[in-house]
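**Q** Letter by letter, the chains look like this.
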Amino acid sequence: MLEYLRLGLFALLLLSGLIIQLTAIFGVNRFRFAVNRMHPAGMADTLGLLLMALAAVVYSGFDWITLKILLVVALFWITSPVCSHLIGRLVRETDEEHFEAEAKEWKP
Amino acid sequence: MKKKNDAFSRLLDWLENGDQALDTEMEESLSDAFPAEQKSKRKKKAEKRKTVPKNASAPRRAYADTWWYRACAVLICLSLIGLLLFTALRLPEFGTADTLIDSELTEFYVKNTLEETGAVNIVTGIILDYRGFDTLGESHVLFIAVCTVLLMLSVRGEKNEALRLKASEYERHFEPGDDLILRSAARILTPLTLVFGLYIIFNGHLSPGGGFSGGAILGAGLILYQNAFGYEKTERFFTYKTFRWVSVCALLFYSAAKGYHFFTGANHMENGISAGAAGNILSAGLLLPLNFAVGCVVACTMYALYTMFRKGEF
Chain A
1 MLEYLRLGLF
11 ALLLLSGLII
21 QLTAIFGVNR
31 FRFAVNRMHP
41 AGMADTLGLL
51 LMALAAVVYS
61 GFDWITLKIL
71 LVVALFWITS
81 PVCSHLIGRL
91 VRETDEEHFE
101 AEAKEWKP
Chain B
109 MKKKNDAFSR
119 LLDWLENGDQ
129 ALDTEMEESL
139 SDAFPAEQKS
149 KRKKKAEKRK
159 TVPKNASAPR
169 RAYADTWWYR
179 ACAVLICLSL
189 IGLLLFTALR
199 LPEFGTADTL
209 IDSELTEFYV
219 KNTLEETGAV
229 NIVTGIILDY
239 RGFDTLGESH
249 VLFIAVCTVL
259 LMLSVRGEKN
269 EALRLKASEY
279 ERHFEPGDDL
289 ILRSAARILT
299 PLTLVFGLYI
309 IFNGHLSPGG
319 GFSGGAILGA
329 GLILYQNAFG
339 YEKTERFFTY
349 KTFRWVSVCA
359 LLFYSAAKGY
369 HFFTGANHME
379 NGISAGAAGN
389 ILSAGLLLPL
399 NFAVGCVVAC
409 TMYALYTMFR
419 KGEF
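Taken in order, these protein sequences are the chains called A and B.
Going by the working numbering, the first sequence opens with residue 1, and the numbers climb by one from there.
Going by the working numbering, the second sequence opens with residue 109, and the numbers climb by one from there.
Taking lysine to aspartate or glutamate pairs in the DMTMM-like style, the calculated list, with each CA pair at most 20 Å apart, reads:
| no. | chain 1 | residue 1 | chain 2 | residue 2 |
| --- | --- | --- | --- | --- |
| 1 | B | K419 | A | E93 |
| 2 | B | K366 | B | E246 |
| 3 | B | K366 | B | D242 |
| 4 | B | K274 | A | E93 |
| 5 | B | K219 | B | E201 |
| 6 | B | K419 | B | D286 |
Label pairs and their calculated CB-CB ranges:
| no. | chain 1 | residue 1 | chain 2 | residue 2 | range |
| --- | --- | --- | --- | --- | --- |
| 7 | A | I78 | B | G373 | 40 to 50 Å |
| 8 | B | E283 | A | I25 | 23 to 33 Å |
| 9 | A | A74 | B | L193 | 26 to 36 Å |
| 10 | A | G8 | B | G245 | 47 to 57 Å |
| 11 | A | I25 | B | E269 | 44 to 54 Å |
| 12 | A | I69 | B | L273 | 46 to 56 Å |
| 13 | A | F26 | B | R264 | 41 to 51 Å |
| 14 | B | L300 | A | F26 | 26 to 36 Å |
None of these hints come from the bench; they were simulated from the model.
Predicted model, so just to flag it, every value in this text is computed and none were measured.
We put the beta carbon where it would ideally sit given N, CA and C, even for glycine.
Let's have the full structure, built from the sequences with the hints guiding it.
**A** Quick look at the structure:
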């Protein structure tokens with residue numbers, strides 16, 4: 001009984017993680033503007049990764065590997081928002097159409 | 109071409125033109141944020157922009173004629189995914205005795221590597237001992253690649269004053285510079301990354317890893333530090349001179365050690381390097397220093413390639 005429960009939890013976590021990753025793929029392909037595309041891409045790196053890592057933890061049981069998996073999640077939670085922030089900054093500084101005021105001072 | 113209305117072309121249409129409504133909406137909200145005298149200029153720009161998608165959509169429609177390109181791409185991707193999954197599921201489980209069934213060579217390596225080289229991690233034993241000559245060549249390939257990049261992209265010297273100015277101008281506008289968020293993240297991550305890279309290098313003969321992967325991690329840590337804190341901070345410990353000395357010394361050491369090893373081994377002489385107890389950090393004879401040399405070369409190469417492509421000099 002407990003085994004089935006664990007399998008069900010694993011399947012639920014993995015499927016929800018996969019759905020979020022799929023949403024991210026469609027979002028990145030559907031939007032045309034860089035800042036819009038960043039939004040689903042950031043979601044895949046944080047929430048999607050967390051759900052899939054939790055699925056791996058549930059599947060393999062709790063031991064030392066759990067710590068390593070959670071370390072991967074922590075690493076991505078630190079780095080992915082910083083990446084999004086840097087991309088957004090670059091967009092603001094280079095996209096002359098949408099951010100005229102900021103991009104005006106730079107002439108190539 | 110007449111627009112088809114089947115599910116596939118509707119999906120393509122949705123994928124390609126899905127956010128046009130969103131684009132106009134965003135434009136309106138953006139132009140509200142600007143003061144009135146800029147509005148007319150923005151409107152002119154917006155009109156110009158609105159004509160652009162019409163022109164741009166003409167080749168896009170023509171491209172829709174060749175929808176089978178996309179179908180082929182999807183098919184190829186799916187078959188590759190299937191192939192990889194099939195192969196991955198066929199791999200023997202980690203640590204089982206059935207691993208030996210593949211070939212005679214596999215069997216030889218699995219049975220003899222620990223005894224002959226002292227490496228618990230068989231892969232390191234193979235690439236740095238049985239195939240040490242090959243790894244030597246790979247390190248030199250990296251070095252030659254970075255030399256070529258230096259020749260082609262370097263803006264050192266008085267001739268290139270204008271190029272250097274342009275590069276620094278470019279740099280000032282597009283690179284993160286003094287970004288507080290990046291700095292805070294880098295302050296946490298850089299030491300961890302460097303320590304992890306050193307761990308991967310020095311534990312290469314005991315656990316998965318080795319010079320190449322550890323060196324790549326070290327290089328990534330250096331690049332992160334450089335991005336967050338700028339060239340002045342990095343140049344306190346890593347300049348062009350450091351790069352030259354470290355990579356050349358590592359390559360010379362690798363060549364000398366491997367040459368000595370080959371010479372004594374081919375002439376059936378004692379080489380005087382004790383293998384040590386397998387499993388200790390100081391064991392496996394030459395593998396530990398060789399891993400370190402390879403790691404130095406890879407880290408220097410990664411950082412040099414990055415900084416050459418970014419700025420043209422160190």
